[in-house]
Every structure is written in structure tokens, then in C-alpha cells.
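Take the sequences, apply the hints, and build the full model.
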Amino acid sequence: MTRADPNQVTPSILYLDGIEVSFDGYRALRGLSLTLDKGELRAIIGPNGAGKTTMMDIVTGKTRPDRGTALFAGSVDLTKLDESEIAELGIGRKFQKPTVFESQSVADNVLLALSGPRGPWSALFGLRSRVDVDRIDAVLAKVRLLEMRDSLAGALSHGQKQWLEIAMLLAQNPKLLLVDEPVAGMTDAETETTAALLREINAEHTIVVVEHDMDFVRMLGCRVTCLHEGAVLAEGALDAVSADPRVIEVYLGR
Amino acid sequence: MTRAVRWVAAVLFALGMMGLPVEVAANTGHEAAVARFATDAFPDTIAGIEAVVDAASPLAEPVLQALIDRRLTFDPTTRRVYFRDAAGALFDAASGASVQDAPARLDTVRINNRIRNILQGALGTLTLISPDPAQRMRAAEAVLRGRDPEALPALASAITRETDPRIRTVMEQARAAIQLRLPDTSEAERQAAVAALAARGDQRTLALLRQIRAETQPGALAINLDAAIQRMEARLAVLARVQDLWAGISLGSVLLLAAIGLAITFGVMGVINMAHGEMVMLGAYTTFVVQELIRTHAPHLFDWSLPIAIPLAFLVTALVGIAIERGIIRYLYGRPLETLLATFGVSLVLQQAVRTAFGPTNREVGSPSYMSGAFDFFGLSITYGRLWIVVFAIAIFAGLLITLKATSLGLQMRAVTQNRRMASAMGIRTGFVDAMTFALGSGIAGLAGVALSQIDNVSPNLGQGYIIDSFIVVVFGGVGNLWGTLVGALTLGIANKLLEPVAGAVLGKIIILIAIILFIQKRPRGLFALKGRAIEQ
Amino acid sequence: MINADAHAILDRRSKLFLIILAVITAWVVFANAVIPESSQFHVSNGSVVLYGKYLTYALLALSIDLIWGYCGILSLGHGAFFALGGYAMGMYLMRQIGTRGVYGHPVLPDFMVFLNWRELPWAWVGFDWFIYAAIMVFLVPGLLAFVFGWFAFRSRVTGVYLSIITQAMTYALLLAFFRNDMGFGGNNGLTDFKDILGFSVQASGTRLTLFTLSALALAACFVLCRIMVASTYGKILVAIRDAESRTRFLGYRVEHHKLLVFTVSAMMAGLAGALYVPQVGIINPSEFSPANSIEAVIWVAVGGRGTLIGAVVGALSVNAMKTAFTTGVLAPYWLFVLGAIFILVTLALPKGIMGLVDRLMAAWKARTRPVAPPQPETGA
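Residue numbers (the working numbering), protein chains in the order written: chain G, 1 to 254; chain V, 1 to 537; chain D, 1 to 380.
You can trust all of the hints, since none of them are fake.
Mimicking DSSO-like on lysine-lysine, the simulated pairs with C-alpha atoms at most 27 Å apart in a straight line are:
(1) G:Lys80 to V:Lys522
(2) G:Lys142 to G:Lys97
(3) V:Lys509 to V:Lys522
(4) G:Lys80 to G:Lys62
(5) G:Lys62 to G:Lys97
(6) G:Lys62 to V:Lys522
Have a look at the derived ranges for each label pair, beta carbon to beta carbon:
(7) V:Arg326 to G:Pro47: 38 to 48 Å
(8) D:Asp5 to G:Ala141: 18 to 28 Å
(9) V:Asp303 to D:Ala324: 42 to 52 Å
(10) G:Ala237 to D:His256: 37 to 47 Å
(11) G:Thr187 to V:Gly465: 56 to 66 Å
(12) D:Ser317 to G:Asp150: 28 to 38 Å
(13) V:Asp376 to D:His256: 55 to 65 Å
(14) G:Asp150 to D:Ala22: 25 to 35 Å
(15) D:His256 to V:Arg235: 53 to 63 Å
(16) V:Asp376 to D:Thr327: 55 to 65 Å
(17) D:Ser317 to V:Arg326: 25 to 35 Å
(18) D:His256 to V:Leu498: 33 to 43 Å
(19) D:Lys365 to G:Thr35: 53 to 63 Å
No wet-lab data here; the hints were simulated from the structure. Think of the CB as a built atom: it goes at the ideal place given N, C-alpha and C, for glycine as much as any other residue.
If you want it as C-alpha cells, here you go:
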């Protein structure tokens with residue numbers, strides 16, 4: 001619920017406190033708390049089953065928490081909204097497995113993501129302007145896919161699909177981007193390009209990146225949060241976090 | 001417990017009755033009495049009944065029973081009277097001797113309602129003092145129904161000798177029913193009589209009390225009667241609901257039989273098999289073929305036709321299932337909507353094939369002796385056919401649970417459905433497991449067909465009547481959960497039968513369908529849905 | 001303004017389709033009305049009715065393709081919307097009988113007199129007027145689709161689950177319309193129609209007009225479908241079909257988009273039913289039977305889903321085949337053929353006839369291209 005009072009609960013763009021979720025008795029999140037400042041770039045690391053994807057599901061409305069607070073832009077309660085409402089608020093998400101609309105062209109993929117009215121009537125009767133076409137091309141240029149604009153998205157390589165997803169995120173012009181494992185399956189060169197791309201985008205957007213690849217996280221050069229068993233284990237610069245004995249224990253086994 | 005004993009006794013008695021004829025010494029009174037039936041005039045018949053009772057020959061009971069059942073006949077030329085026993089054998093009514101050469105013409109001795117009442121009373125009197133308790137019970141019930149005041153003295157003496165408290169209760173109730181009819185009964189006696197009758201709970205006694213109430217002047221007795229009638233009505237209403245509940249359980253077990261194979265193919269494999277109903281139909285036709293073969297080659301094995309058909313039906317439908325899975329479905333995994341269309345095509349082909357082979361009309365599948373008839377259970381009427389189907393459904397359900405949980409095939413099935421690639425990597429032959437799983441689901445549908453051949457028309461359209469219901473049961477119960485299918489089938493069956501008396505059969509079914517559609521909106525994954533991240537993808 | 005340009009709406013193939021449809025329609029009209037009966041080119045009145053029936057089936061198939069081919073909603077209950085439109089038209093036609101029924105009752109249709117009813121049920125009020133009936137042809141199927149879709153899409157019932165509950169819906173309606181108490185003629189349905197808007201339904205002129213109207217309705221609905229699928233809206237539908245949850249994360253209210261297309265599709269099916277009834281002269285509850293709806297889906301699959309033209313081609317070819325089979329000695333084997341079509345199309349021709357056409361054309365192009373003399377390399 002949006003509060004009329006501008007007195008915000010928190011200045012953070014994303015504020016998670018004491019989030020708990022369980023699936024059939026398995027407690028995926030156990031009191032997860034996390035805050036994110038506007039304009040920040042944050043990497044989330046953690047072993048399998050630490051709750052990284054479930055955390056994203058909570059923020060984007062795919063899963064409802066059993067307990068806890070999730071506030072966006074200091075005042076909007078995310079636990080009360082569904083996926084499309086949250087997307088309209090300005091939270092974009094890139095999935096772990098790239099999901100683009102394979103049977104449509106690259107440009108149409110971005111067109112669908114373009115910010116603007118989302119109702120069926122405007123899609124039927126609204127006017128598409130020259131500005132839209134320019135915006136599509138600008139976004140595609142940013143992710144180095146301009147020359148592919150008319151080919152089918154299904155024909156792209158794995159890495160290109162990841163970039164197309166990022167392009168779609170940018171076209172949504174979100175306030176907060178959630179990026180799930182953007183470099184899984186990428187070549188080293190593609191990984192470097194992606195890191196550069198995310199840093200570039202970070203100039204205008206707040207970004208959360210979930211990633212396994214430590215080299216990539218190092219390339220991002222940002223603050224790191226390590227999750228373990230559904231809660232935050234450590235937080236800080238990458239070197240500090242990776243030196244934390246608890247983190248080492250989690251990663252190397254006890 | 002004791003009711004069951006009584007019921008067993010009644011069956012034994014009925015079996016014993018088949019052991020007629022009764023050879024007896026000559027009894028001139030009886031012979032003269034029986035001769036009166038030959039005029040076939042109502043007053044003579046009544047006089048004859050009384051005379052037969054007075055003569056008290058052992059033949060009196062079978063003769064009077066034959067008269068009430070319209071098995072008593074006479075030769076209009078010789079004026080001799082004959083009767084047939086329940087099996088159809090002919091006897092001389094006067095001597096009890098078996099008659100081999102039946103006279104050319106035999107007329108049935110006519111009776112009317114009045115005579116029927118008299119007969120019931122007479123039969124009651126006759127057998128009230130029989131040494132066989134089951135016969136005494138029957139007699140007491142007969143007197144109660146007949147309410148013949150003339151039976152009162154015999155009843156009174158019978159009550160004093162009666163040792164079985166249950167029979168004595170019925171006799172006292174019969175006496176009460178008769179007393180209420182007599183003008184010289186005192187008010188206190190009437191009150192006691194009403195109380196005695198009210199202790200019975202059946203429809204007939206209720207009708208009796210209503211009749212008495214209509215004859216009664218307002219007063220204390222009328223108030224008592226009203227209260228008794230009300231109590232009985234309430235009890236009977238509860239009984240009717242319980243009867244509906246049983247009908248619901250019975251329907252639920254039919255739904256369970258039809259749906260449980262689908263719970264395997266759809267629930268475990270995710271395959272939409274629109275030809276599932278035709279598997280049921282094939283099972284029913286297998287039963288038909290087995291019975292035909294038995295009828296022509298080994299009629300004495302008829303009672304064994306269902307036990308023989310059960311494995312055969314499983315085998316036939318399982319083989320058809322394997323053919324469908326290997327020939328069509330395996331190319332369509334991961335494309336449920338295409339599977340749906342292709343298997344619908346299979347269902348059309350199977351229907352037409354059966355229509356071509358067996359004709360479009362219903363085929364007759366007989367019921368073995370243990371499947372026919374009914375018995376009374378605390379006032380509920382339960383047919384053996386339905387009871388066996390409930391038992392059969394439960395047995396199949398249990399067998400399937402064990403197969404899935406405890407056999408290596410079950411383990412492999414679950415492994416393949418959870419992670420095909422991993423299972424394959426571990427050396428499980430996934431193609432083989434798919435075929436076996438589908439064969440299991442289809443085979444169970446065939447078993448359902450054996451059961452349904454007993455209660456439904458065996459025609460090429462048999463399966464169509466069950467396919468939608470089966471899908472609804474599986475979806476309602478929660479896909480991939482056998483217990484959900486069980487609960488779903490029973491819930492739908494019971495809800496259907498409880499709604500039927502209120503809304504009518506068709507409207508009840510429509511209401512159920514709408515309720516299910518709304519329910520699926522509320523819980524798209526059914527009653528017992530799996531939760532978690534894995535199933536959302 | 002429509003959010004798509006005219007070229008995208010009427011691409012070459014669509015224009016070709018409309019032209020062929022117009023030519024065939026004009027030919028049938030000409031061959032029936034002008035060419036004398038003695039000529040072998042004459043098209044009989046019976047054939048006009050048959051072709052008109054095919055066109056209404058084609059319209060039903062088109063409505064199914066719009067939701068299945070473009071939005072992935074496989075409705076196994078679209079026959080219900082078709083039948084509801086048919087009943088709305090049938091009720092108008094029943095009222096037009098007036099006192100000419102067997103019982104000659106001043107107000108009530110024959111079957112109500114037979115059931116000893118005293119007055120017209122409320123559901124029948126207004127059907128004396130064609131305009132009211134025409135509105136109901138769209139409103140009743142549209143409203144049912146809207147309410148049903150609103151519940152189903154909001155709670156995210158998708159895929160086979162949706163197919164099963166649409167089947168349950170038409171099954172429930174089948175049972176309901178079989179009941180005499182519903183007041184729609186029970187088992188026998190509505191029949192013995194006399195005239196429509198004052199013209200006898202038996203007259204050849206009326207039949208020709210109804211045939212032409214069916215062709216026009218098909219063409220108009222085809223264009224409407226093209227507008228929907230060629231606009232941004234169509235791209236959203238395809239996005240929902242291919243990756244529903246992804247579309248939701250882009251901020252689209254998937255349920256609203258589905259609801260619109262589902263309702264429009266149901267109205268088209270209703271229109272098809274309304275044109276069907278005066279031509280075949282009867283509507284009864286068997287039109288609600290689930291098997292009918294599945295058969296209509298297979299027309300779309302045969303023609304090639306997601307192509308619109310394929311739906312029409314599929315409906316026409318399967319029904320022509322059905323007529324050829326069921327009128328000859330092969331009648332008992334028709335279900336074998338239909339069953340085989342279901343199986344073969346899904347296994348061997350997943351993109352239907354249109355997919356086959358595309359493949360053949362691509363193969364032909366690939367073969368003709370190398371034949372053309374290679375361009376001489378001019379300069380670097």
C-alpha cells in the first residue's frame with residue numbers, strides 16, 4: 001500500500017526485514033534482512049539453496065512470504081502486490097535461464113518491454129511513435145544487438161539472449177533491476193562485456209546481481225552480500241567477505 | 001451382530017425351503033379344505049384358507065404360501081388342486097405328492113387384497129409356533145402386516161411360549177397393532193401399544209401408525225401418536241440420508257475405479273489420455289467375451305467369469321496401452337495439448353473398432369450369483385454388486401499404492417517422472433519405464449471396465465460417460481497424488497448422491513460441475529496440491 | 001487508430017485469402033441463381049446450404065485459432081459458445097413461427113404447449129425482435145466467456161487444466177439444455193422454423209443470402225483477427241503464449257489480455273452458431289457435446305494453428321472429407337478416418353496444411369534459386 005504520508009519508513013530503495021518462507025516444511029528463507037540504497041550495485045553470493053532465487057521471487061511477487069516486511073522505495077509493501085503490479089512500480093527481473101520470446105523478433109522483444117501503458121486497449125488502439133523505434137534502437141545498441149534487431153530471438157546465441165534480456169530490462173526503465181546469474185554459460189570475453197555493461201547501466205539504475213562466478217563479482221567491484229540457509233551470513237567488500245571464516249566454512253564445507 | 005445372524009438364518013431357511021416336497025400322511029380335513037379352492041370363488045377361497053389352517057397339516061404353509069404367490073392352481077375338469085414350489089416343480093395340494101405329468105390345463109386360483117390380508121394373517125398363525133426361529137420371526141412379521149384380529153388368540157399363546165426375546169418383541173408389536181384395531185381395547189392398552197409400535201422404525205410401521213392416527217379421536221392418544229410419528233419420521237429421514245451416503249460411497253468407488261488409472265497416466269506421467277475411457281470400455285468388452293466363451297464351452301464356470309476376466313482385462317488393456325504409448329505418446333512428451341488431441345483420435349478409432357466388431361448396441365454381461373441380490377444392514381438396503389465394487393475399488397487402490405511405494409518398478413517410475421535425464425544417467429531404461437507406467441494405468445482402466453460391466457451398459461460409448469468425470473476427479477483431488485484421487489472420488493460421489501434428492505439427478509450433476517469449476521479457480525492444483533518452487537516451472 | 005500498419009494487417013497471403021473467398025462466394029451465388037439447373041455447373045440449393053454450413057464451421061475454427069494459435073488457450077468448450085449463439089438465433093426463429101405451430105397457440109411455441117406451460121419463460125422475452133436476438137447472439141456467449149475467463153485467468157488456470165474445465169463447462173451446459181425445465185426445448189431443441197425477417201427459411205433466395213452473409217461474416221472476422229494479431233496486442237498475445245510468466249514480469253496484466261481475446265473469440269463463435277442455425281434448420285443440445293468442441297479444435301490443427309487462414313482451410317477440408325465419407329458406402333469408417341487425422345496431424349504435421357505449404361514453398365524457392373544464373377562478381 002502506498003502511504004499518503006511522505007514519511008518513509010526507510011530511505012533505502014529496497015528494504016527486506018525478517019522474511020520467512022517455507023515450502024512443504026522446508027524453510028527456504030529464515031529471517032532474511034537486507035537493505036539496498038538507491039543507485040547501488042550489489043552482488044549476492046551464496047551456495048546452492050542459500051535462498052538467492054527465493055529472495056528474488058519475494059521481491060518480484062512470485063512468492064508470498066509467510067512472515068516479514070518487504071518495502072520498495074521506502075514505503076510500498078511488496079508483499080501485497082502481484083507480478084505485473086510490481087513490474088509497473090519499476091522493478092525489473094532477469095531470470096537465471098534466459099526467457100525471451102523466441103518466436104518474435106529482437107526488436108519486438110524490446111518493444112514488449114518498453115515502458116508505457118500495459119492494457120489491452122492501448123496495445124490495440126494506441127499509436128506507436130517514431131520515438132519508440134528510436135528508444136528500441138538505442139537500447140539494442142547499448143547491449144550490442146542492433147544489427148540483430150530483425151532476426152528472431154530464438155536464433156540468438158545463449159550469451160546474446162542474456163544481453164537481450166538485459167536490453168528488455170533497460171527498456172522497462174526500472175528503478176531497480178534484479179539480475180539472476182547473468183553470466184552462466186558465457187565465454188570469458190562475454191563475461192567481461194557483461195560486467196562492463198552492468199557497470200554502465202548502474203550509472204542510472206540500482207542493480208542487484210545474483211552470481212556464483214567470483215571472478216565476475218570481482219569485475220563488478222561492488223558491495224557483496226553472502227547468503228546462507230536463508231539468511232545473511234556476511235556483507236561488505238568482496239575481499240572482506242571472502243576472508244570471513246564463516247563464509248569460507250560455508251563454501252568449503254565444515 | 002445378532003441381526004446378521006438372523007439374516008444368515010433367513011438365508012439358510014430360504015435354502016431349506018427349496019428342499020420341498022413334503023411327503024405327508026393323509027389328512028382328510030386338509031384334503032377337504034384344499035378342495036374348496038377348486039371353485040375359484042372368493043368366499044370359497046376364504047373358507048378354504050380357514051379350513052386349511054384348522055386342519056393344521058404340514059402342507060398348510062406351502063399351500064397357503066403358494067396361494068399368496070399365485071402358484072396355486074387347479075384342473076378345471078378334475079377339480080384337483082396343485083401347487084408349484086418356488087423352483088417350479090408341481091405337487092398335489094391335497095397329498096403333497098410330486099406330480100410328473102401335469103394336467104393339460106391349469107388355472108391359477110385368484111386372490112384379491114382382502115384374501116391377501118387374510119392369507120398373511122393365516123400364514124402368520126400357522127408358523128408362529130414353528131420350531132424354526134427364523135420361520136417364527138417371519139410369521140410374527142406377517143401377522144404384524146396383516147393385523148388380523150383373528151390371529152390374536154394364536155399370537156397370545158405364541159407370546160407365552162416364545163423364548164427368543166427378539167421374536168417375542170415382534171410378536172408383542174404385532175399384538176399391539178391388532179389391539180389398536182379392536183374397539184374394546186382400553187386407553188392404557190392403546191398407549192402401551194403405540195409405544196410398542198413406535199419402537200419399530202420402518203416405513204411400513206410408520207404408515208400403520210399414520211393410518212391409526214387418522215382413525216383416532218383427538219386426545220392423549222392422538223398426541224402420543226403424533227409424537228411417535230414424528231420420532232419415526234426423523235429416524236427414517238436420517239436413515240434415508242445414510243442410504244444416500246452409501247449410494248455416494250458406491251458412486252465414489254465407481255469414480256475411483258474410472259479415475260485411478262488416469263491418476264497414473266495423467267498424475268504421474270503428465271500424459272492427457274483421452275482414450276482412457278475406451279480402455280475402461282475394452283475391459284468391459286473383455287468381460288463380455290470371457291462370459292460368452294464360458295457360456296458356450298463351460299457353463300458351470302459362470303460364477304468364475306469375473307475372476308477369470310480380471311487378469312485378462314488387465315492384460316488386454318495394458319497391451320493396448322503399451323501400443324499407444326510406444327506408437328504415439330512417446331513422440332509427444334512435453335506437449336500435453338497435442339497428446340490430448342492424438343489420444344482423442346485413438347479413442348475415436350477404438351470406439352469405431354469395437355462398434356465394427358461387436359455392433360453398436362448394448363451387450364449383455366451377466367452377474368454371477370454373488371453379485372446379485374441385496375441384504376438388509378441396520379435398515380439399509382445394500383446390494384451385493386455395489387458392495388463388491390466398493391471392495392474391488394479399495395483393493396485396487398491399495399494394490400496401486402503398494403506398487404508405487406514398494407516395488408522397484410514404482411521406484412523407477414517416480415525417478416523417471418522427477419528427473420528423466422538423471423534417471424537415464426543412472427541406467428534406468430526410461431522408455432521401458434514409460435511404457436510400463438502407461439501399461440499400468442491402462443490396465444487399471446481395464447479392471448475398472450470389468451467392474452463397470454456389472455452396473456452399466458456395455459456399449460462402445462461406455463468410456464465416454466466416464467472420461468470427463470475421471471479428469472475432474474483427478475484434477476479436483478490434486479494431480480500426482482493418489483490419496484487426493486481417493487478423497488476426490490469419494491467427495492464427488494457423496495456430494496452427487498446427497499444433492500440428488502434435493503435437486504434431481506441432472507441438476508445435481510450440473511451443480512457439482514459448476515462447483516468444481518469454481519473450486520479449480522480457488523485452488524488450481526486441487527485439494528492436495530504440491531507446493532514449492534519445483535512445480536512452478 | 002489501430003496500433004499496426006495496414007500492410008501488416010493485410011499481408012499478401014491475407015489479401016489472397018480474401019480474394020479467393022470472394023471469388024468462390026460469387027461463383028456459388030452465380031452458379032446457383034443464374035446457371036440453369038440442367039447445366040452440370042449448377043450448384044443446387046442443398047449444396048448452398050452445405051457450403052453455408054461449412055463457412056460457419058470455418059468461422060468457429062477461426063475463433064478457436066485466435067485464442068489457441070496466438071494465445072495458447074486451448075478451449076475444449078468453444079462449441080458451447082457456438083451453440084449459445086445458435087440458441088439465441090433459434091429462439092428468434094421460434095418466435096417467428098407465431099400461430100403456425102402444430103397447436104396454433106397464440107403465444108407459446110409448440111413444445112411449451114406440449115409441456116402444459118401457461119406463459120412464456122422470462123428468458124424468452126424480447127426474442128420476438130430480431131435486433132434483440134442479434135444482440136443476444138453476441139452478448140450471451142460473450143458474457144459467459146467473460147465471467148468464465150475472469151475467474152479462470154485471474155486464478156491462473158492454464159494449459160490442460162483450462163482445457164479440462166472448459167470441457168466441464170460445455171458438459172454442464174449439455175446436461176442443462178437436455179432438461180425440459182430449462183425452457184429451451186429439451187432433448188429435441190428448437191426446430192420447424194418458418195421464416196427469418198419475413199423471408200421463408202426454405203426459399204432459395206434466403207438460403208443464398210444466408211450463405212453470402214456467412215462468407216461476409218467470415219471475411220469480416222478474419223480481418224478483425226488480423227487487426228488483433230498484427231498490432232502490438234498480437235505481439236503481447238504471442239508473448240503470453242510463449243512465456244506467460246515472463247510477460248507478467250514485464251508488467252502486463254496477462255489475465256486482462258487473455259480475457260479480451262477469449263471474449264472476442266467467444267462472440268465470433270456465437271455469430272457462427274447464429275448463422276448456422278437458420279441454414280441447417282435445427283439447434284439441439286448435442287451441439288454442446290464435448291466431442292464437437294474437440295472436433296473443431298482438430299480442424300484448426302489440420303489447417304495449421306496460429307495462421308488464421310489454416311483454421312479456415314482445415315475446417316473446410318475436414319468437413320468436405322466428412323461429407324464425402326458419410327454419404328457413401330464408407331460411412332461406417334468415417335470415425336477411423338477422423339481418428340487417424342487426429343493422430344497423424346499431431347504426429348506428422350504439427351504445423352498443419354499451412355506448415356506443409358510453407359515447407360513446399362521454401363523447398364521450391366531453394367530449388368529455383370540455384371537455377372538462376374549466378375551473378376557475375378563485379379569488382380571487389
